[in-house]
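> Single-letter residue listing:
Protein chains: 2
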Amino acid sequence: MYKAPVEDISFTLKHVAGLKPALDSGAFGDLGEDLVDAILSEAGRFASEEVAPLYKIGDEHGAVLKDAAVTTPPGWKALYRSWIDGGWNALSGPEEFGGQGLPTMLGVAALEMWNSAAMAFGIGPTLTMGAVEALDKHASEALKAKYLAKLVSGEWMGTMNLTEPQAGSDLAALRTRAEPAGDGTYRIFGQKIFITYGEHDFTDNIVHLVLARLPDAPAGTRGISLFLVPKFLVNDDGSLGARNDVFCSGLEHKLGIHASPTCTMIYGDGFRGATPGAIGWLIGEENKGLACMFTMMNNARLCVGMQGVAVAEAATQKAIAYANERRQGKVSDYTGAGMAPIVHHPDVQRNLLTMKALTQIARAISYSCAHAIDLARVSSGDEATHWRDRANLLTPLAKAFSTDVGVDVASLGVQVHGGMGFIEETGAAALYRDARIAPIYEGTNGIQAIDLVARKLPLGGGEHVHGYIAELKAVADEVRTSNLQGFGRTAETLDRALDDLSEATRFLQKLLADGRLDEAQAGATPYLRLISLAAGGAYLARGGLAEQNRIALCRFFAENLLGEASALKERVIGGAESLSAAGKALISA
Amino acid sequence: MYKAPVEDISFTLKHVAGLKPALDSGAFGDLGEDLVDAILSEAGRFASEEVAPLYKIGDEHGAVLKDAAVTTPPGWKALYRSWIDGGWNALSGPEEFGGQGLPTMLGVAALEMWNSAAMAFGIGPTLTMGAVEALDKHASEALKAKYLAKLVSGEWMGTMNLTEPQAGSDLAALRTRAEPAGDGTYRIFGQKIFITYGEHDFTDNIVHLVLARLPDAPAGTRGISLFLVPKFLVNDDGSLGARNDVFCSGLEHKLGIHASPTCTMIYGDGFRGATPGAIGWLIGEENKGLACMFTMMNNARLCVGMQGVAVAEAATQKAIAYANERRQGKVSDYTGAGMAPIVHHPDVQRNLLTMKALTQIARAISYSCAHAIDLARVSSGDEATHWRDRANLLTPLAKAFSTDVGVDVASLGVQVHGGMGFIEETGAAALYRDARIAPIYEGTNGIQAIDLVARKLPLGGGEHVHGYIAELKAVADEVRTSNLQGFGRTAETLDRALDDLSEATRFLQKLLADGRLDEAQAGATPYLRLISLAAGGAYLARGGLAEQNRIALCRFFAENLLGEASALKERVIGGAESLSAAGKALISA
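Just so you know, the sequences run in chain order A and B.
Under the numbering used here, the first residue of the first sequence carries the number 1, and numbering increases by one thereafter.
Under the numbering used here, the first residue of the second sequence carries the number 1, and numbering increases by one thereafter.
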């Protein structure tokens, strides 16, 4: 059973991702280490003791649709209630609306724990948090007054309605219509698919944020507006009014996260005799919906990255525990009676250390991204720009690298369990199933890689990323000058990886400058992995410099896994031509 | 829907894995290319048209246990009947017992197709084939006469009973007992788990091969004997007699291959009032059971490797088809109306080409292994030794590399489908689930890697593997001297990978010579991948030399994926110390 790694999380926040210096400098007012640790510890307790025990029943029962109503698995509604009663939904929400206004870092660290305990549970509040942020930034005062406090507390949940059958990664193809009703409201018509927690029994109202087109809107993404469409209309006194014309018409039968209802939502179909048209309110300006949605999406991308970290952590814990229990064979370093616990076998250790190192790296990258978001919020001028750029640079890494790690680590977790891993009762297989969605939703990892190359490498006139690499280089220098034996060849391999990264970065920037976008895109996925591994190596080293007992894992990573960097660089620099040559044969006549 | 890649299979058999020169030299008598192609084509038709349509129903229904009887999914029994009526079970069986005695290569190629169409179907006959081989090599004439013809035709199916709860990878821990009854038969008592097709309704008898210990047997693996235990006793006239005391007490609830019943088998428990003790017959000599079982296991390992190839092929086909249908976004090389099919996006092409290249490599390695088995059978003296060594060397590659490829490619397949990939109806997720067992059963891939390093590198006094590397080197030379432009940097990267392989091989051989087995084991998994990638690169190049239109994929592999070789070499050579240092922290106090 999952046990929240509170100490590891706290250490990574403070000593790797930068929270301690920020706290010491007073960047977050009077927030101190004690409070941070108290919150993490309480969140860890809730995740381990309250959420995790409901994982299996959630996976087995799944969400069930009947008569347009969705029932969540036994115990899940009570769990959600107890979770919001604990104030967990409000952790990083705006104080003006009852939130605790704590740094994103803390929200994200807690989110990791909810997701490790049950990813199908953790994904719901992620959408509510995104809705809060979008409303807080873009909605009218009237809408904020009516909806925000209840979304912040979690009394109501929020959803994001982007995808339509023909419009997934490419929102330009969106067709859902919004017609002005003449009274300041709109009538929404259309079908949305893959809507997470689009319908459920956790809360008595659900606040849908919906992308749609106005009648006179320009084609493409510049003609998309964002609307708030509540399941139940809300009276001025805050009580619930009429049922709105938005209904769940189907649930997807998914590989994993079964307890999370993935809904097809029908807007404005006159369901059950309603006058056709779901009543909605515009958020922000007409035709600027995508910008509003991006507020949500950036946040959501980091949150999905946390799911990658979370499932990797859960899989790693489970595999280490099993490897210490299961006995097979003999091994020279085990002197006990009978067969050795398989954790003594070098090949099993290789799997477990790989899982552990990748999990820690993904966590460090994701927390660093959260930290940048926090510092951008509390700083101003050039410093704010710097941290905003940093957050933007790290978001695709946090999303894509972490979720790839989630899949790979969950797969290794099954492997370590041997035959038992393939049996559903063991639980390792469920993590392998759950993990698979995270590289897909909130922008596939391929889209993240393209975003990284095409939009993030140019930040700060192309210099921001080099500043980041220089910071990572400084860590390698520090390892070298530390003269700590246990680091082995860490400084050397890290230097080499960072040089490779630097070279690959300049190569891609040159392609972009020359307008050779296809070639740059061809190298995007290996580049994202390259920068993530190199950064991860530096983060592990920073951890090792701060705490002696973390050096061995850092060295394992540097001497066993970081070597991939040079192959990735070659792929970025020398791979596009052959890709293009071979790719043509894939296209049907 | 899966369409058997008959042309690709035929090409790989003939021009990459060595079938054509062998046919030309008359190694297989009057077997000619025409017959080979006719068989492949008919097998392909059966797999695509008869097996594949029953995949989904098999996955959804699964096998069901009631009153110790297992019912396979609707249509599956009839499918099996029609499959054996087509003579497919007898393809490579011994002619003396009604088999067609065709080369293993052909059996394996057909097996790939059954498994691509439905892995849960393909695994059943795999076990029967293993039983046939073990009986043919080790059983008494009386047992052969009674059982072999019906196993060869497929009228009865066979099983392998090795695993017990405490004895998985380590068979020394086996507890099942066999007591001599004094009449030449034995009574078997014990519990076996994870028994594939241990009970089912395909055939009216099932022939279990069971590992058990005689009362006076030495401890460990030198005290294990192999027994034949039929579900129904067989009268001398071949008719079925009494029900034997062996029953299925449970089915596993698995991640994938749901239609394949994975049984807990209880031997000798006096079930339903039977006199306790399952009646069995000794196969081969007392206490030599493991050697007999290894006959089966080597074969089964290659067959499981084919499952890796098979699922990768199915996933690749599905992903390419989807990428040609699904339209999202714009891309410069697509000039058609509306959004471009996603196959035009370079990042999608990278995924698809990676899938395609890895699948072809795994296929080439596996067929080369089958070819070596065939040539060992038809040759004698040094030549036979050479080919036996080759088969032994390639077996762990065929099993472990191919099944890792199966998982990785199925995962990429889900990714290419985007959100649809996570929906079970699409079918990509089912392949991802099915694929996951193959790296585990028939010896985990970690065990395969250790087998490769500890038992296969020493073959031929340590020289066999270097001879193999020299053959691969010759392919690189041929590419270079061919002066074919399309190969790009293939010769150069292949040479480099083979040099890395050579160095890593000598390093591990030195460790073995020095008795440093733990360190050698620490490098086993990266070594297995290194030799597989290097060999795979050479096989793709051989294909490209034989057929112009195969050059582009070879080059993509060489310039994009083969670069991993140098990192793998470093891991083999420089990774053990840090692994050992960090590994200790994994062990619970």
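Warning: the hint list may mix true and false statements.
Identical copies look the same in the list; a pair holds intra-copy or inter-copy alike.
Here are the simulated SDA-like cross-link-like pairs (lysine to any residue), alpha carbons at most 20 Å apart as the crow flies [what the hints assert, rightly or not]:
{"hint": "1", "residue 1": "Lys584", "residue 2": "Glu478"}
{"hint": "2", "residue 1": "Lys66", "residue 2": "Gly101"}
{"hint": "3", "residue 1": "Lys584", "residue 2": "Glu325"}
{"hint": "4", "residue 1": "Lys473", "residue 2": "Ile266"}
{"hint": "5", "residue 1": "Lys150", "residue 2": "Asp85"}
{"hint": "6", "residue 1": "Lys137", "residue 2": "Gly338"}
{"hint": "7", "residue 1": "Lys150", "residue 2": "Pro276"}
The hints are simulated quantities; they were obtained by calculation from the structure and are not laboratory data.
Predicted, not measured: the structure shown is a model, and the values here were computed from it.
> Which earlier hints can't be squared with this structure?
Violated: hints 1, 2, 4, 6, 7.
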